[in-house]
Amino acid sequence: MGNRCAVIGVGQTHYTTKRRDVSIAGLVREAALRALEDAGLTFKDIDAVVIGKAPDLFEGVMMPESYLADALGAAGKPMMRVHTAGSVGGSTALVGASLIQGGVHERVLVVAFEKQSESNATWALSTHLPFSASLVVGAGGYFAPHIREYMRRSGAPGHIGTLVAVKDRLNALKNPYAHLRIPGIDQKMVESTPMLWEPIRYLETCPSSDGACAMVLSSEAAVTGTPAWVHGTAMRSEPIFRASRDTVSPQAGKDCAADVYRQAGIADPRRQIDVAEVYVPFSWYEPMWLENLGFAAEGEGWKLTESGATALDGDIPWNASGGVLSSNPIGASGLIRFAEAALQVRGMAGEHQVDGARTALGHAYGGGAQFFAMWIVGRERP
Amino acid sequence: MRDVAIVAFAQTRHTDHDTGLTEPELIAPVINEIKERTGLRRFGFTCSGSCDYLAGAPFSFVSALDALAAWPPISESHVEMDGAWALYEAWVRLQHGDIDSALVYGFGKSSLGDLRTIMTLQLDPYYLAPLGLDQLSYAALQANAVGADRAELDEIVRRSRADGRGNPYALDLPEPDGEDFAVQPLKKTDVPPITDGAAAIVLATGDLATRLCATPAYIRGIAHRTEPHYLGLRDLSGSASAADAARAAGVGKAPVEVAELHAQFPHEEIILRRALELGGGTLINPSGGPLAANPVMATGLIRIGEAARHIHDGRARRTVAHAASGPCLQQNLVTVLEA
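Chains as they are written, first to last, in our numbering: chain E, 1 to 382; chain A, 1 to 339.
Please keep in mind that the hints were generated in silico from the structure rather than gathered at the bench. Wrong hints could be hidden among the right ones.
Claimed, not checked - Not the full set, but computed from the structure, chain E residues with beta-carbon under 10 angstroms of chain A:
#, residue
1, Val49
2, Asp56
3, Leu57
4, Phe58
5, Ile182
6, Pro183
7, Gly184
8, Ile240
9, Ser244
10, Thr247
11, Ser249
12, Ala252
Stated by the list, open to error - Per the computed footprint, the stretches of chain A lying under chain E, defined by three or more beta-carbons under 8 angstroms from a beta-carbon of chain E, are:
#, region
13, 159-171
14, 193-206
15, 221-232
Heads up, the beta-carbon is just placed ideally off N, CA and C, and yes, glycines get one too.
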């Protein structure tokens, strides 16, 4: 995995439905400046910029890195644009880390964003090429059948999804950047909301958010402030139309986890990882990913959720920040997971800090649950 | 830096119209060809470049993955940029030292829409795009700023088309004859052809490179730079970012025998020759360049492949490839290849 790499700055915007007060450039710059401030640096200290976002159709700007070069201080520097579907935020962090690990640069600014209020993501995701008819509307329409299959296989009771929906929103109340901060959130409230895509209710799905997240990544020699050290990075992809692939627990997710655990020396993720920020856009994806990522045996993930183990005060907190269920600027959602993992091991997560967190997992997935990006960060230098 | 070589290059026979192939169908033969040629079925890393706006649907690269037979799952990433930047990402990944091969590809079907209008959407959505400034209009602004001799521009188009006719993968375009303007001072024949196509490259390091290719094209330097987006903030008669990237890649360290430039318009070739400080001894775009085939999102990657081919064939020992992105050569990537 090459040279050592550390996260030395994290910046986020307050996630919300509509940021009418800033342009797209203003939004990404806000996150970038906060990350630079956290690192005690300015744009002058940055060697290269890597930017990621989900499909360009979401804002109607084609290859927006051209337009955003000025706002991110990239003029005169190398700039790259990553796009790997929903996993893009994670991939953006990994491409940035790769530049450090490969010895190409000393400090890299990575930024990811989505300004969902510029369009309607559900319909932008429902455009299909000619002659490929599809009855699916939005991401929920695509993933609901996979969730139903998970319930059938595991025999999980119907209320598990609502437990996750409540738990993540309770965590969000402790995160000042979170979009959905719902006082008095409880199971009854979730169950009272309309069914969108059986079994996903309104409050079991992620919001549409405007927001950006940025990180300053550094080589060992260029570290400032409090570093979160990168202990492992991995990406995996599998074809969407492969007939025999398991969409409930994709092989690419298992392989990606195995790769990143091997690099970080993790044999038992449940015991060795202190906190995980995992891409859970629909409540049921918590138990599904608990199994896919090896935190629970097959068919047992829902029991871990039900036991409270993944709550902020449980033995393996998942999405202490409130997760994607509470904030979802799509292209940035993966990067937020990676950044929150870094904040935890830096001890800088504020009210949602997991006490004594030393090792954290950041996870993102995308496409038809076929693209995966993960990293392990730690308080200690690897 | 670790030595990384281009060991194989494959491209489609580009077309000036939609042949009815889907993107995976366009890519699959190129991927299969390069797998057969190298004998590699699996690669340490895979990276591609494409743009959703060409197909007008999100995630054009998602179904492209089906063309790879990516099973078991592969370590893979994608840039929403020309495939040349995918190659850069793969080169960086190979610097880590734990893998020794990478597959890179780029593809685009610009026949599906009105490219001239679509490219407008690449501009600042608040201050520039609403003006309706389209691809040819801003290119014309730059052509005007360069103020090149018409005869020199005509000769570039004539030479590019003639070379393209000699290149089985490029389009068969006639000798330029009309005097009609597309947007003054750009003539219709100065405009690159609408093209569908794809290309793939295999990178390898160490012993694997020499095992797969008798004459690997080693990447001796590779660098890219961007510059301000707003046309008014730049001196359009030159390209500071191309010059910076060329210096960082070490173009000037030794004579360059062949340069493949991502010059979509003849005046861009003049700007780039100056920026890269290429002398009269350098053969420019012997493939015909983008004026003879311009499969958007693969055009830059093809420049790297064509520059490598001269070394693979033993016709040259030091070549340069250039790729561009953004309006009026906003971002430039330069690669120096040596035998």
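Cross-check of the supplied hints:
1. Val49: Because about 8 angstroms separates Val49 of chain E from the closest Cβ in chain A, which is inside the 10 angstroms limit, the hint holds.
2. Asp56: At about 5 angstroms, which falls below the 10 angstroms cut-off, the nearest Cβ of chain A leaves the hint on Asp56 of chain E intact, so it holds.
3. Leu57: Status holds, d = 5 angstroms.
4. Phe58: OK, holds: Phe58 of chain E within 10 angstroms of chain A, min 8 angstroms.
5. Ile182: violated, 30 angstroms
6. Pro183: violated, 35 angstroms
7. Gly184: This interface hint is violated because 37 angstroms lies over the 10 angstroms limit.
8. Ile240: holds, 6 angstroms
9. Ser244: Hint on Ser244 of chain E: holds, closest Cβ of chain A at ~9 angstroms, below 10 angstroms.
10. Thr247: Violated. Min distance 13 angstroms.
11. Ser249: Hint on Ser249 of chain E: violated, closest Cβ of chain A at ~13 angstroms, above 10 angstroms.
12. Ala252: Hint holds; Ala252 of chain E Cβ to chain A Cβ min 4 angstroms, cut 10 angstroms.
13. 159-171: violated (count 0)
14. 193-206: Violated - the region 193-206 of chain A has 0 residues with a Cβ nearer than 8 angstroms to chain E, which falls short of three.
15. 221-232: holds (count 8)
When held up to the earlier numbered hints, the structure conflicts with 5, 6, 7, 10, 11, 13 and 14 and fits the remainder.
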